Amino acid sequence: VNKVKKIFLGLITIMFLGSSLAYAGPYTDSAHGNTTYGVDRTSTSQYTQGLCAHCHEQHASIGGAEPAPNTLDAAGPDKFCLLANNFDTTVTAGPYAQDDNACFYCHYGLDTYQATAFDNYSYSRTFGGNSDTTPASIMEAFNLTSYHNLKDVIDWATDGWPGTFTATNNNPCSACHNVHIAQRSCGKPTGSYDPAKSAISRPSNHNNLWGDDDGLGDNPINERMDAYPNTYQSPYYYAVTPTKYEPANDATSNGTNLPNYAAFCLDCHVNAVEKGTTSLTAIDWTTSMTGDKHGQKAAGSEDSSHGELIAPYVNASSGIYALSCTDCHEPHGSSNEWLLRTEVNAKSGISITTTGVWYEFCTACHSVVLGGSGSHGGVEQSDSCSVSLCHKHGYEF
Amino acid sequence: MHYSQGGEQLSDWGSSGPYNALTTNDCVGCHTAATTEQNDGSNKTPYVMSVDLPIYNATGTESTTNTLAGGSFYWMKTAKTTGHDVDGITTAFDMLPPGYPGSTYDSNRDGSWPTGQKVTCAGKYGCHGKTNTQNLYVAMKGSHHGDDSSTDGTTLAKSYRLLDGVVGKEDSDREYRPTKTAHNQYKAIHRTLETTKDSDTISYLCGQCHGNFHSGINNLGDNSPWLRHPTDVRLPSSGEYSAYTTYSVVAPVGSNTVTDVLETVTPGTTDCIVTCISCHRAHGTEYYKLMRWDNKANMSGCVVCHTSKS
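Protein chains in written order, with the working numbering: chain A, 100 to 496; chain B, -11 to 298.
No lab work stands behind these hints: they were computed from the structure.
Incorrect hints may have been included.
Claimed, not checked - What follows is a set of in silico ranges between Cβ atoms, one per label pair, in the way DEER data are often shown:
{"#": "1", "chain 1": "B", "residue 1": "T247", "chain 2": "A", "residue 2": "T134", "range": "43 to 49 Å"}
{"#": "2", "chain 1": "A", "residue 1": "N307", "chain 2": "B", "residue 2": "T245", "range": "36 to 42 Å"}
{"#": "3", "chain 1": "A", "residue 1": "E373", "chain 2": "B", "residue 2": "T169", "range": "35 to 41 Å"}
{"#": "4", "chain 1": "A", "residue 1": "Q145", "chain 2": "B", "residue 2": "T295", "range": "53 to 59 Å"}
{"#": "5", "chain 1": "B", "residue 1": "G(-6)", "chain 2": "A", "residue 2": "A164", "range": "50 to 56 Å"}
{"#": "6", "chain 1": "A", "residue 1": "T267", "chain 2": "B", "residue 2": "T180", "range": "57 to 63 Å"}
{"#": "7", "chain 1": "A", "residue 1": "A214", "chain 2": "B", "residue 2": "A67", "range": "19 to 25 Å"}
{"#": "8", "chain 1": "A", "residue 1": "S144", "chain 2": "B", "residue 2": "G90", "range": "31 to 37 Å"}
{"#": "9", "chain 1": "B", "residue 1": "Q122", "chain 2": "A", "residue 2": "T215", "range": "48 to 54 Å"}
Said to hold, decoys possible - Stretch-level coverage of chain A by chain B, calculated; a stretch enters the list once three of its residues show a Cβ under 8 Å from a Cβ in chain B:
{"#": "10", "segment": "149 to 157"}
{"#": "11", "segment": "197 to 204"}
In this text, all values refer to a predicted model and were calculated from it rather than measured experimentally.
Ideal Cβ placement from N, Cα and C applies to all residues, glycine included.
Using the sequences and the accompanying hints, generate a full structural model.
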């Protein structure tokens, strides 16, 4: 009996030891808190990578002097004891300078304050397989042709969730990212995609990662795209002859590995956004009469005939699909208008140079036959797609 | 009486006498543990320095630790950033006091810190005793043998740890291996304006040399988001701070009343207030910036209050 007791106690001990070793809190599990690739400011290198002191200065002074950055909007003590002023609210539009946003001091590119320079590529590259390496930093993305206007973002978030955000205090990036829990979702540096890691938090639920929970086991809520009504079909991951799917470049194609970006983005975009320089139509991803056909609203057979679907989408399923916003849009910025991606469904090099002329873009997923008796008879490739009540969020076709 | 006995000095006297007030040693000399000695919980003279390496452990509170509440200057001998560069401990001037507020806290202090002036244990450039003199012995006069029946700050002898005017409840063994039921109780106030100061708090004492980190205008701000880490401000009752309900000897909080040793505290009230020594130990530790834990390597002390940042 004693022997059995000893074995039992041994197993219990091992179990607890194991659990304590495996435990890590939300910050130490986060991208910024990681001891390998977390925050590591060049001027605070005495601190272990990932520690608070790389972003927060308890006294705006170490040894009697403020560590760099300590000029422009980073000079002196800053709110939240941050290394720099969170966001310069006098900047109402891009292009942005590094000191406009505290995050840009590291998410900057080659001259980053992070000890080891790193890249943050576009969604098209990171999750779509595009070979284009520009933009290579978050700030660079926000300085492209179209971008989420940071002032408008924080103002909108403040209006929507005043208990969470304050325009004069908070960083616009925090509307979508909780910096203390956001994880490195692209799986770097190992290169593997892990759907259980997420970099985003809904502005309506700032303290919860969005997209990490699959609704199975201990996760009662499914935060993935397969939970969105209708069927989600992942677009192809880029390849000359594509066979695998976004975002993981694997065989999964039903959205079980993709955050539910429709719900995420609609936290804000369910409303018409009129803020500062931003004027956007409300996005209706429901089945209502005014809903979008890229959302839950059924597309009729006539729609397919006007733009037959390209694989992996199939005409027979036309009407049951609901897309993720990120299938078409970049989250931060794009060289195309409206943050439209430069690579979609394994079609790369999409460049929109004229407002509304989206032929190159739309034909990543739709066969559009121009001229004569084609599906788009009377339309030229150089014509705008968004005029004459044709194609636009909230329009009939 | 003559710094001489039989024509020579006794071995347990200091070697650089004679000393003021006919003492046998100076501050550092008396408060340094001799070879093979350390604090043991019963020593009458508190050792803030030692010849041998003291045991600090991870937080200075563990079962084998032999340093006291203020830590030890020991590590300053070789690592300048681990303690106050007190004259008698270190041989060279280290740095000006960061955040020095001039004479705004104490009119006895200089408007600017004299170049090369080392910190002293007591007096105008020190922490203990009166500040109206540079003479350490004059500054401490009457304090060691005075009436210390209370620590209400009304006299130097009745001041917490002979820190003039500071109030507090002194642990009988000076936090030798403290527990939640046996620890100092530090005086603190909850401020709603950063310009407010109350001279009997432990953080005010620190502010006399580091005041720009404690008070002023646009030094801290009046409320969250803070410009610098607040002190003499209570922990909020909401969010991650609400979990700080058991007094932590690792990251202790102060209180407005110090009549009792608090085992449990309530964020959002005046028994749960951040102080300078919530994070630092006044004399030194083996860690960077006199921190109570190794904050260059871990956040174990930070997460005591910032409970969601683990």
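Here is what the structure says about each hint:
1. B:T247 - A:T134: 43 to 49 Å: Because 44 Å falls inside the window, the suggested range holds.
2. A:N307 - B:T245: 36 to 42 Å: holds (39 Å)
3. A:E373 - B:T169: 35 to 41 Å: violated (60 Å)
4. A:Q145 - B:T295: 53 to 59 Å: Since Q145 (chain A) and T295 (chain B) have Cβ atoms about 25 Å apart, the given range 53 to 59 Å is violated.
5. B:G(-6) - A:A164: 50 to 56 Å: holds (54 Å)
6. A:T267 - B:T180: 57 to 63 Å: violated (19 Å)
7. A:A214 - B:A67: 19 to 25 Å: holds (23 Å)
8. A:S144 - B:G90: 31 to 37 Å: Given range 31 to 37 Å: holds, Cβ gap about 32 Å.
9. B:Q122 - A:T215: 48 to 54 Å: holds (50 Å)
10. 149 to 157: holds (count 5)
11. 197 to 204: Violated, because only 0 residues of the segment 197 to 204 of chain A bring their Cβ atoms closer than 8 Å to Cβ atoms of chain B.
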